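Colleague: Guided by the hints, dock chain B with the ligands onto chain A, whose structure is given.
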Amino acid sequence: MIDWFGSAVGSALTAALLLGISCGVLGTFVVARRMALTGDMLSHAVLPGVVAGLVWSTTRTPLVVLGCAVVAGWLGSVVMQVILRTTRLKPDAALALVLSVFFAVGIAMVSRYQPSGVQAFLFGQVAAIDGGDLKLLVWVTVVVLLLVPWGFRVLRLVSFDPAFARLLGFPVRWVEAGFFLMLTVVIVIAMQAVGVVLVSAMLVTPAAGARFWSRSLSGMVWVSCVLAVLGGMVGVWISSVRTGLPTGPLMALAVTVCFVVSAWFGPEGGWLQRRLRVLRERRRIAGEDVLKRMWHAEQAGGDAGGVSVRVMKDLKAREWVGEGGLTEAGKRHARGLVRAHRLWETYLTERAAFKPDHVHDEAERAEHWIDDEQKRDLAEKLGFPEKDPHGSPIPPEEGTGGAE
Amino acid sequence: MNVPALETHELSVSYRGKPVLHGVDIEVPPGTLTGIMGPNGAGKSTLLKAVMGVIQPDSGWVKLLGKPLGEVLGRIGYVPQRESVDWDFPVTVFDVALMGTYAGLGWFGRPGKAERARAMEALEQTGMVDLATRKIGELSGGQQQRTFIARALAQKAEIYLMDEPFAGVDAATERAIIGLLGKLRDEGRTVLVVHHDLQSAPRYFERLLLLNLRVVAHGTVEEVFQPEILEKTYGGKLTLLSDVARRVARGSGGGLP
Ligand SMILES: Nc1ncnc2c1ncn2[C@@H]1O[C@H](COP(=O)(O)OP(=O)(O)O)[C@@H](O)[C@H]1O
Ligand SMILES: [Mg+2]
Chain A
1 MIDWFGSAVG SALTAALLLG ISCGVLGTFV VARRMALTGD MLSHAVLPGV VAGLVWSTTR
61 TPLVVLGCAV VAGWLGSVVM QVILRTTRLK PDAALALVLS VFFAVGIAMV SRYQPSGVQA
121 FLFGQVAAID GGDLKLLVWV TVVVLLLVPW GFRVLRLVSF DPAFARLLGF PVRWVEAGFF
181 LMLTVVIVIA MQAVGVVLVS AMLVTPAAGA RFWSRSLSGM VWVSCVLAVL GGMVGVWISS
241 VRTGLPTGPL MALAVTVCFV VSAWFGPEGG WLQRRLRVLR ERRRIAGEDV LKRMWHAEQA
301 GGDAGGVSVR VMKDLKAREW VGEGGLTEAG KRHARGLVRA HRLWETYLTE RAAFKPDHVH
361 DEAERAEHWI DDEQKRDLAE KLGFPEKDPH GSPIPPEEGT GGAE
Chain B
1 MNVPALETHE LSVSYRGKPV LHGVDIEVPP GTLTGIMGPN GAGKSTLLKA VMGVIQPDSG
61 WVKLLGKPLG EVLGRIGYVP QRESVDWDFP VTVFDVALMG TYAGLGWFGR PGKAERARAM
121 EALEQTGMVD LATRKIGELS GGQQQRTFIA RALAQKAEIY LMDEPFAGVD AATERAIIGL
181 LGKLRDEGRT VLVVHHDLQS APRYFERLLL LNLRVVAHGT VEEVFQPEIL EKTYGGKLTL
241 LSDVARRVAR GSGGGLP
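Which chain is which? The protein sequence lines are A and B, in order. Counting along the first sequence from 1, when you hit position 369 you're at 369 in the working numbering, and nothing is skipped either side. Counting along the second sequence from 1, when you hit position 217 you're at 217 in the working numbering, and nothing is skipped either side.
Next up, chain B with everything else stripped away, as it sits in the complex:
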């Protein structure tokens, strides 16, 4: 019996009464590379945040590696969306990579030789060794993404959640990153990546999750990458669904009728 790496059951999320995700019900098999796609505001970041427990869902549950999040902390890795990072924060590239090794250290342990070596190795893999002492605010977009990929690699997590790691990245870096993600998958890790470019998606990923306020389709690229499904995802015919849902939420919250 193969336990899914990620399983959500009827997951619904809203921000201050404004529903963003409805009944997301997915099972992601372990050792796969999945692209999460959908138009802007489709709730892709929100889904990742709900999985990570950053926001509480209205209903439904999430299981990672067959267990609730609280029991698998440290085994889940994450690469934040570029806009959500404070690039003025005074940390260096190496500091960030080293953060990937904190899971095993507990509260007061200090990163030793082994941890430093792991961080350095991760920086090597992402081609960031020469920039290790730079402040993260002084990097180009591609270098910033590579820094956070390095943190993820240093962590050696079993599941990776990455929010638009290809945003603001040049072509060569994008190829390098997708190569690294493939390697993670080959090591048996599960990788979920929010992605924007429809053209490259079938080349990059083996599975796709198409999202637009709800799951439009989820499966292998062959099953999902069909014109009519893509039309359904990006066609913008779902405004009615969100409109009605918002009115229902307001009504039951005692607000406007």
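Excised from the complex, chain A in its bound form:
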């Protein structure tokens, strides 16, 4: 234990682990609330406070530095609110304004006072995180881990619909203040590991990747913790064990790799899943087109022509086609398609001023995408037509009689 914390790599890895958890949890809320720029503003706005803290406390007591930084971050938020309330500036412009002014003041203070230890805050230096910092980080992580799951429901409600939260009697202002306080603290600590510019990477990237794995906010919190911890620790490991390159950029890059992998393979709208869905829909449409052809042929007593083995297998798997030709389910589905096709043709000619000889191709595409509810809505809007613009009968809604 002692050895672990004592060794530079050990304490750096521990810091990455704890930071990953805090950044993962809070970052999820930051992303869900579209506050990524606010996070960036905070990380820059705290700089004057950090410098003041370092100058004031020459022994670099973590709590003093943190306290001063939080005050500066809070000031930045207040100035931002005042700008929004009294001018016509939009939030993005106000953020940029506060960010640059506060950061400029901070940099000016750095060159005036030259406090020791400020390099870590500017460029990040996990090795500079010592025992005192680690202890503080442990406490912060514990608070985040206790407070957020406990108040998760309320924090989500306040984030999603503050007006409703207020109506239910929740103290929206206090919840928001608490969230901002925690966010500022985590940002100040993360700064020491990755530097002022890359804080956003630790805060935003894991949570953005988590969107590809989970549809609920609670699921996102878990995934984003895992991604942040994984990326952070891998970054530290590559930097200190393998290459000796600076840690901050490597952590940011490792987290970004996690994001890219998520965007490819995540089941919630990842590239692979979207690709598979397109292929699946194409197969369905090809099958439905053949089904319709077979149905028309059966109605007319003619021949449906050749059908590829693969499509036929598909149709059988869906139980639209059996041994003796179309099944009942197959016929019903085919009638549904024809109904959609002819309703859509009628709608386009009657309501959208298409020429009757121009609507077939449109309807050929649309018929695969009109669900039962929309068919009902279309029929109602059109006054329950019985013939399409070409005079062909529109099959009635199933279950209302007259179909068989």
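Do not take every clue at face value.
[Stated by the list, open to error] Each pair of labels, with its calculated beta carbon distance range:
no., chain 1, residue 1, chain 2, residue 2, range
1, A, Glu398, B, Ala171, 17 to 27 Å
2, B, Asp197, A, Ala353, 37 to 47 Å
3, B, Pro68, A, Leu84, 23 to 33 Å
4, B, Gly41, A, Ala286, 44 to 54 Å
5, B, Gly141, A, Asp92, 26 to 36 Å
6, A, Val261, B, Gly41, 44 to 54 Å
7, A, Gly219, B, Pro202, 42 to 52 Å
8, A, Ala108, B, Tyr234, 54 to 64 Å
[Said to hold, decoys possible] With a straight-line cut-off of 30 Å between C-alpha atoms, the simulated DSBU-like cross-links for lysine-lysine are:
no., chain 1, residue 1, chain 2, residue 2
9, B, Lys18, B, Lys63
10, A, Lys331, A, Lys381
11, B, Lys156, B, Lys67
12, A, Lys316, A, Lys355
13, B, Lys135, B, Lys67
14, A, Lys375, B, Lys135
15, A, Lys90, B, Lys113
16, B, Lys18, B, Lys183
17, B, Lys63, B, Lys183
18, A, Lys381, B, Lys135
19, B, Lys113, B, Lys18
20, B, Lys156, B, Lys135
21, B, Lys63, A, Lys381
22, A, Lys375, A, Lys387
23, B, Lys183, A, Lys375
[Unchecked claim] Chain B stretches covered by chain A per the calculated footprint, using a threshold of three residues with CB under 8 Å from any CB of chain A:
no., stretch
24, 71-80
25, 102-114
Derived from the structure by calculation, the hints contain no laboratory data. Quick caveat: nothing in here was measured; it's all calculated off a predicted structure. Every residue, glycine too, gets a C-beta built ideally from N, C-alpha and C.
Modeller: Frame of chain A; chain B with the ligands shown alone:
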């Protein structure tokens, strides 16, 4: 003595010195279904926000169920305007419906069986059970509105404020929603609905509040739904009033003369 469900007294609201509502003075009797109507920018949403305490009025006060808002929190329900919701927020339909039950839970209580049942029942009433696990961003306009109506139903509030629940909704859903609102009214709840369509208004509501920067008329449909009153509401003859008011506000604020 019948306490009005909603009472405002000389309520005036402005955004950054630009006056939006002047001296709104209304009393809405409990157990009624009221349509709030007026042209775009008339201040309908603003009135609801002032009632909910989202914006501070310049002057005047609001009482709900005879008390200031702070004493009746949890008993007031609200369906937001579609544009004001972040549809990308990662919550499911069921999550939203469940939020309606939070009032009784306090800070750290977890929704239990009873709350889940209530949310599910509300989703049933709005025909959204099959979509309960969908993300709200993946819904059609009508389904999105039904989700928030379900949250309102789950809340079992005494007063409901709804901002354009019929915007972007198909005909069948609109009928279903108005049916649900009628039921809420029959249970003795008070419902105020911002509405746009003049044609359906007299069928849907028993009372109307016609608004255009001030109250043009307020009363039962028979009293209010008159051609000359509607002309006054929608006729756009009120630009002078707002112009002058803006100049007065600037003058007293030390700005332009
Ligand atoms: N947040 C805001 N800041 C400044 N002006 C606003 C804001 N919200 C609404 N307004 C203005 O107040 C007026 C009334 O708006 P609103 O109450 O939304 O009208 P309605 O809902 O009747 O269409 C409009 O002119 C609108 O431009
Ligand atoms: Mg509005």
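Colleague: State for each hint whether it applies.
Modeller: Hints and how they fare:
no.	hint	in the structure
1	A:Glu398 <-> B:Ala171: 17 to 27 Å	holds, 21 Å
2	B:Asp197 <-> A:Ala353: 37 to 47 Å	violated, 24 Å
3	B:Pro68 <-> A:Leu84: 23 to 33 Å	holds, 27 Å
4	B:Gly41 <-> A:Ala286: 44 to 54 Å	holds, 51 Å
5	B:Gly141 <-> A:Asp92: 26 to 36 Å	holds, 28 Å
6	A:Val261 <-> B:Gly41: 44 to 54 Å	holds, 48 Å
7	A:Gly219 <-> B:Pro202: 42 to 52 Å	holds, 47 Å
8	A:Ala108 <-> B:Tyr234: 54 to 64 Å	holds, 58 Å
9	B:Lys18 <-> B:Lys63	holds, 24 Å
10	A:Lys331 <-> A:Lys381	holds, 26 Å
11	B:Lys156 <-> B:Lys67	holds, 19 Å
12	A:Lys316 <-> A:Lys355	violated, 38 Å
13	B:Lys135 <-> B:Lys67	violated, 37 Å
14	A:Lys375 <-> B:Lys135	holds, 24 Å
15	A:Lys90 <-> B:Lys113	violated, 44 Å
16	B:Lys18 <-> B:Lys183	violated, 39 Å
17	B:Lys63 <-> B:Lys183	holds, 24 Å
18	A:Lys381 <-> B:Lys135	holds, 29 Å
19	B:Lys113 <-> B:Lys18	violated, 48 Å
20	B:Lys156 <-> B:Lys135	holds, 24 Å
21	B:Lys63 <-> A:Lys381	violated, 43 Å
22	A:Lys375 <-> A:Lys387	holds, 15 Å
23	B:Lys183 <-> A:Lys375	holds, 28 Å
24	71-80	holds (count 6)
25	102-114	holds (count 7)
Of the numbered hints listed earlier, those contradicted by the structure are 2, 12, 13, 15, 16, 19, 21.
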